[in-house]
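Colleague: This is what each chain is made of:
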Amino acid sequence: MHDDSGVLTGAHFIDGDHACSEGAIAAGCRFVAGYPITPSTEIVERIAERFPFVGGVFIQMEDEIASSIAIQGAVWAGKKAMTVTSGPGFSLMMEHIGYAAMTETPCVFVDVQRAGPSTGLPTMPAQGDMMQARWGSHGDYGIIALCPNSPQECFDLTIRAFNLAEQFRVPVMLMMDECVGHMIERVIIPPVHEIQIFQRRSYDGPKKDLLLFHPDSNLVPPMVKAGEGYQIHVTGLTHDERGYPSMTVDTQAKLVTRLVNKLRVNADTIVDYREDSVEGADIVVVTYGITSRTAIPAIEQARKEGMRIGHLRLVTAWPFPEKRIRELASKVKAFVVPELNLGQMVYEVERVAGGKASITHVPHAGGTVHNTKEIYAAIKHSVKG
Amino acid sequence: MARTEIKIGGFGGQGVILSGYIIGRAASIYDNKFATMIQAFGPEARGSSTSAQLIVSDEQITYPYITAPNLMVLMSQEAYTKFASELIAGGTLITEEELVTPNNLRKDVHHVSIPATRLAEEIGKKMVLNIVMTGFTTAISNVVNEQAMIDAVKVSVPKGTEDLNLRAFFKGLEYGKKLLEKKHPSR
Amino acid sequence: MGEDALYTIDNVVPPNPIENLLRMDRIPHIWCPGCGIGTTVNCFVRALQTSGLDLDKVAIVSGIGCTGRVAGYIKLDSFHTTHGRAIPFATGLKLANPELKVVVYSGDGDLTAIGGNHFIHAARRNVDMTVILINNMTYGMTGGQVAPTTPISATASTTPHGNFEQTFNLPFLAESCGAVYVARWTAFHVRHATKSIKEALAKKGFSFVEILAACPTLYSRRNKLGDGLDQMSYFREQSEIKNGADTKSVALDFEGKIIIGKFVDIERPSYQQSMYDHLRKKLGDQYIPSPEMKNVYGKNGN
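Going down the list, the protein sequences come from chains A, B and C. Per our numbering: the first sequence = residues 1 to 385. Per our numbering: the second sequence = residues 1001 to 1187. Per our numbering: the third sequence = residues 2001 to 2302.
Honestly, the hints are just simulated from the structure, not real lab data. None of the values given here were measured: they were computed from a predicted structure. Worth double-checking, as some hints may not be accurate.
Label-pair distances were calculated between CB atoms; the ranges are [to be verified]:
hint, chain 1, residue 1, chain 2, residue 2, range
1, B, Gln1147, A, Asn261, 53 to 59 Å
2, B, Lys1125, A, Asp276, 48 to 54 Å
3, A, Asp216, C, Gly2256, 56 to 62 Å
4, B, Glu1181, A, Pro36, 48 to 54 Å
5, A, Ser202, C, Gln2166, 25 to 31 Å
6, C, Leu2283, A, Glu241, 41 to 47 Å
7, C, Glu2255, A, Asp216, 55 to 61 Å
8, A, Met247, C, Lys2224, 30 to 36 Å
9, C, Gly2162, A, Asp216, 54 to 60 Å
10, A, Gln60, B, Ala1089, 46 to 52 Å
11, C, Met2024, A, Ser91, 52 to 58 Å
12, A, Ala11, C, Leu2283, 23 to 29 Å
13, B, Asp1163, A, Asp276, 44 to 50 Å
14, C, Gly2244, A, Glu241, 48 to 54 Å
By construction, the Cβ of each residue, glycine as well, lies at the ideal position given by its N, Cα and C atoms.
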């Protein structure tokens, strides 16, 4: 049924949640801690079913706070680890996103978004956690967030999430939503040798020379795990390159600047977006996640009527593809931004466009997806100016 | 057939979701088509109304929800009352004979029914009525080819029940084929 | 001996016997004069030194607070986590690599107020870890606020008119949740505490050692109990060793009797042993434990 890697090579008809679980296994994740919450529960259920056959450990913790720090313990023990949740649980995890950022603990947080705030609509989709993913923990730091729009991408982007986490030693958020999570489609799982895995970079120098948080030229330090005799110290306090607390203005500036900069300077290799007929377009519809699919019939309808409409889909919401949006802002008349919230990523588009193009937001309070008419009307409105 | 939008309705525990799953799996894994299935999620107790929505298409599916269903398979009166009006004009309505009384049946749809409960009982297990319905739907709609459906049934039902379910599938399939012959003897 | 030598102490003070396990480049520590935490660290290190454990495989995890700083001074793999979350971090660390000996070292507020839920569940699951809880009956780092462990009638900065909340009886809490080893000592009882920590380190499962330690700056002084030395006298005079005492009977009250001793020492399969045995039984050869799991828990020919 499967080889040692646990990869279920073949064609499957599964939902986005299950595809995410398979992506994690394929990426080499062998520790998952979670707490049940709709609509993400199917991910941990499948992990619980599959892990005993692939050398993994799953634990259902007492809450999301515990889950989000247990995975970090597991990472420092040498595993790849992930936790899985939805809005209310994601809110509880925020402090530990900051801890992961501060201690540069590579790990993956999956948020299957449902409509909020608070308990909201547990079984219905939204995209209301986009800003929370970026800014939810206190202080300055950087994270990466990916937005799959199909079960296939739930598989593919879960692997990419692990790879990016390892490459840049940051928490990576997989921003699913209820629609994508519960949608069942064909998922092709490739043979093991075709799956690209970024192996954790480990320090292997002499013990006495170890500076645990001394970065390489790409601003990312290599990892060391517990139990190897390095006597590492890891703290959420502001720390120097040894990992020792150092509560000075200089250390703070040096550390936090690097935490933010390691994503800024590497943004081009991280940022991923897909474009359709953007060159020469008057209007560019900017979408992400499920909205990148629901917008298509409206875009096609507008094109049939002769409007020149481009489509730019964010695969990485964070880092935001500033460079490309800025370029386009000086070429297009307007951006149309549909999203299942009352205004989140649209503010990024607006900020980066800097007044050079007009912005039409297509808000939605969540609970379902946009209908074609809503998005079409916004496109038409933008064309008229 | 560019895009078929299918809604399957019934009550919880009938296997409504499995029916949709089998059709979708057959289409996307064994028939070179695309399929997107979405189930109605909610804190629904067993026995309450439930539905699966499925899109089968020759092209990649963008919009994942059904907006204009042209094929509807209904296995409960409540589902009939709730969903029948959504079917587009000219669409196909399939109902279970004992469980659905098609009150105020629309004139603008093709309606066929099948005594799936009785046929399932003939096989010996009333619980396979959903698979009888699925076989019947295969014959009537031709949305997915027969062999693909057989392949999908085999791998989608609980282990050890493959034969039972295949018998149920063929029972529904044959019933559907006969019905078509009666309606269109020339075929 | 020349006169100079009499006044030069550098060459006559022997190295601190626990130096090999301290991060000397981080000393002096932040603890106040008279604070009992440093004394407990001494007990812990001496217990480690004689434990026979491979110290490369021992990791220490702390939360936040004065005791939370212990991880930062111990020369082991050491993790200073977030407030209240040392236990779930340690759970992940241990589950991911069961070859590690994992010690949680933190304070009463950290482990039983903000982290109380994790304490309960780690004990219930019997996760293989040693929890050393330093109980100074207050939140020292933040300035002496009331804690779940503050005795009734004691004054704290957030109970300026005296505390009226029920005080947590921690050995009783630990035992009722399922800990396999429960002991309480004070910073005065250094030999007992050291021995107890050593025993706790040797246990399989959730072992718990509570050590009462004075916070002269923010608890004793506010409550007119004198300085660190006075608190040591209190610990000496009012403590009564009752090994095997019913943990229900060991609640603390303001300057009352302190029942100390080893209260619980039982055997129960640890969380991971249970996981391993259960999955092996259910899934047979299909069960693939991690290599570390197999090394540690698969010893019975499995």
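Colleague: Against this structure, judge whether each hint is valid.
Modeller: Structure-based check of each hint:
1. Gln1147/B with Asn261/A: 53 to 59 Å: holds, 58 Å
2. Lys1125/B with Asp276/A: 48 to 54 Å: holds, 50 Å
3. Asp216/A with Gly2256/C: 56 to 62 Å: holds, 58 Å
4. Glu1181/B with Pro36/A: 48 to 54 Å: Holds, since Glu1181/B and Pro36/A (Cβ atoms, about 51 Å apart) stay within the stated range.
5. Ser202/A with Gln2166/C: 25 to 31 Å: Violated, since Ser202/A and Gln2166/C (Cβ atoms, about 49 Å apart) do not stay within the stated range.
6. Leu2283/C with Glu241/A: 41 to 47 Å: Given about 45 Å between the Cβ atoms, the range holds.
7. Glu2255/C with Asp216/A: 55 to 61 Å: holds, 57 Å
8. Met247/A with Lys2224/C: 30 to 36 Å: holds, 33 Å
9. Gly2162/C with Asp216/A: 54 to 60 Å: holds, 57 Å
10. Gln60/A with Ala1089/B: 46 to 52 Å: Once the Cβ atoms are compared, 50 Å apart, the range 46 to 52 Å for Ala1089/B and Gln60/A holds.
11. Met2024/C with Ser91/A: 52 to 58 Å: With Cβ atoms ~42 Å apart, the hint is violated.
12. Ala11/A with Leu2283/C: 23 to 29 Å: holds, 26 Å
13. Asp1163/B with Asp276/A: 44 to 50 Å: Taking Cβ atoms as reference, Asp1163/B and Asp276/A lie about 48 Å apart, which means the hint holds.
14. Gly2244/C with Glu241/A: 48 to 54 Å: holds, 50 Å
Of the hints listed earlier, those the structure fails to meet are numbers 5, 11, in rising order.
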